[in-house]
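Visitor: Residues per chain, in single letters:
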Amino acid sequence: MADANQADRSSLSLDRPSLVFDERLSIVTGMVQRFSWKRVETAEGTLRLELGGSITIDDAAALWKRVSETVGLIQAEKAVTIELGGIQVIDGACMALLVQFRTDLRARRIACEFSGGNSEVRRIVDLYGGRSKRRAKRPRRRPVSAVEQVGAATIAVLDEVKQMLDFVGRLVASSLHVLRHPRSLNLRDVGLTAERAGADAAPIVLLINFLIGFVMAYQSSAQLKQFGASIYVADLVGVSMTRELGPLMTAIIICGRSGAAFAAELGTMKVSEEVDALRTLGFLPQPYLVIPRMLGLILVAPILVLLADAIGIAGGGVVAAINLDITPTAFLAQLQGAVRAKDIISGVIKGVVFCAAIALISCQQGLATSGGAEGVGRRTTSAVVSILFALILLDALFTVMLAVFGI
Amino acid sequence: MSKPMITVQDLSIGYGTTVLLRGASFEVARGDIFVILGGSGCGKSTLLRHLIGLEDPLAGSIRISGIGAPRLEGAAPRYGVMFQSGALFSSMTVGENVAFALQEWTHLPIDAVSAIVRAKLALVGLEGAEDKLPAELSGGMRKRAAIARAMAFEPNLIFLDEPSAGLDPVSAAELDELILTLNANLGLTVVMVTHELESIFKVGKHCIMLDRETRSIIARGEPQKLRSETDDPRVRQFFNRETSVPQWQ
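Going down the list, the sequences are from chains A and B. Those letters in the first sequence? Residues 1 to 407, by this note's numbering. Those letters in the second sequence? Residues 1 to 249, by this note's numbering.
Wrong hints could be hidden among the right ones.
Just a few of them, taken from the derived set where beta-carbon distance is under 10 Å, the chain B residues facing chain A [stated by the list, open to error]: (1) Phe26; (2) Arg30; (3) Gly74; (4) Ala76; (5) Ser85; (6) Phe153; (7) Asp161; (8) Ala165; (9) Phe201; (10) Phe239.
The hints are simulated quantities; they were obtained by calculation from the structure and are not laboratory data. Glycine is no exception: its CB is placed at the ideal position from the N, C-alpha and C atoms.
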């Protein structure tokens, strides 16, 4: 069945300036076919497919559509000849599709050969294995059973745990080394980390915690008003911010800013062999890269948590003044009675532990990176997710422990 | 005959359960330019990482003269290493890269360190590049800067991973000249991994060839002699750039 109208369409050229976008789209998506594809049943009972025109990468979609339709229609045990005599130009991509067509037919035990074609076309046929008599096989992947998948996943998890334990072991040894030889500590990076993770993070920590205090007070004000207990907004905001939200929100911000940055930075150093180079110059990666980052974060944690507490309470104070008509003096007086020193101290300790966990996990993930840019991305994502999980877990542990010890 | 610089005995290397090389033994003489050859995936870069001490062998021993087993951390570098990409610290200038270990492991005043850095950079033809960042250097310059960093502690042994890879012919030839100069003038022992034939014949004094299939050393000796005298088709194929896949009809 000849496609008579294909001849006209084959004159369509994609680089023709007048070609409108829709016209081009319909060609490259295979809706319009510019080459000819003719099926001829021969007297000997074989099938001849006569291709003609110019078949290039822009026609690949239309060609693949034809190939896919035809493969299923050909009866088994029938010989097929793909006649290339009418083709003026064919490129490698389209030739690869025709070779795949032949492979698929041969897989169904249908004899298939290329025939004809000018010298240019023959060269492309040769280059893409069109003359091969061998029955090309698609490399088949052996299906992986569920048991194998579970086994592989278990091994991967155990490897990860082993890596983590190895990292912690080396870190402990390095910390002891640094205690014995304080000169081996990379002090420059402690200051740099404190500046980047502390001073540079202060504006966002202030803004977010102000809004947290503000929203919390606003949400609770309606309920408190109903019971005539508006003044207790100071207790609610004060205790929540100092014991829970101040350190947690600060840690989440540090995780997003510094945790991701540490993992990406160390990961990039690892894949570009900078960590190996460091080792060949006599430096241990842990004291040089990990401990300074950890110390830098631990140093800024109390300051950031205290700032977060203060600004969060201030946010609550603003709502109290505007929405509940509580004067700042009354708010502060109530706050003094509600918030105890141990609330603030336990929050600061939480913040320090959170920051240590952030540094530990992000550096471990960074130093475990392999596999180029994709590996860096994977480890950075993994670092952030692991840190968030660890923060919530640590927070829960703190809550239980503080309750047990009555703090 | 003087004691060899490196002695490797019955070395097996690999990752996890994958063995890349089994029971390899060889020696690297003092003042040699020793080339580790082989096709892709045969484990030549992994062998270099073991010789440097970045990985622990599965079995066997590596002894470096005056050091024993390769040791890296916790002391001034005892030998120099240049990585394939240069691996310069990207946050530091070229001068800071070269000065880095000197500042840590010596008590030299800053002026003295600067003088040594300038001299080392001049040695590799990078005068005046102290204040440039690695990103501002070309591939060849980056590798030469990495050699300057590796040479900072006056080592008598240097390891080079694919020094000519990815370089234009002129930069590659310059780097070969630099390796020959350092070897001839300073008596530096060079162990390098490469598969650039021109470099192998120009600078290599001795070589070993690794094979992925047999996981062993399949040839050893002088590169020129191996090329002309070998009976092993795998070695001949490598040295004569013969293909193992059928040519297009």
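Visitor: Which of the stated hints cannot be reconciled with the structure, identified by number in ascending sequence?
Guide: As far as the earlier hints go, 1, 2, 8, 9, 10 are violated by this structure, in ascending order.
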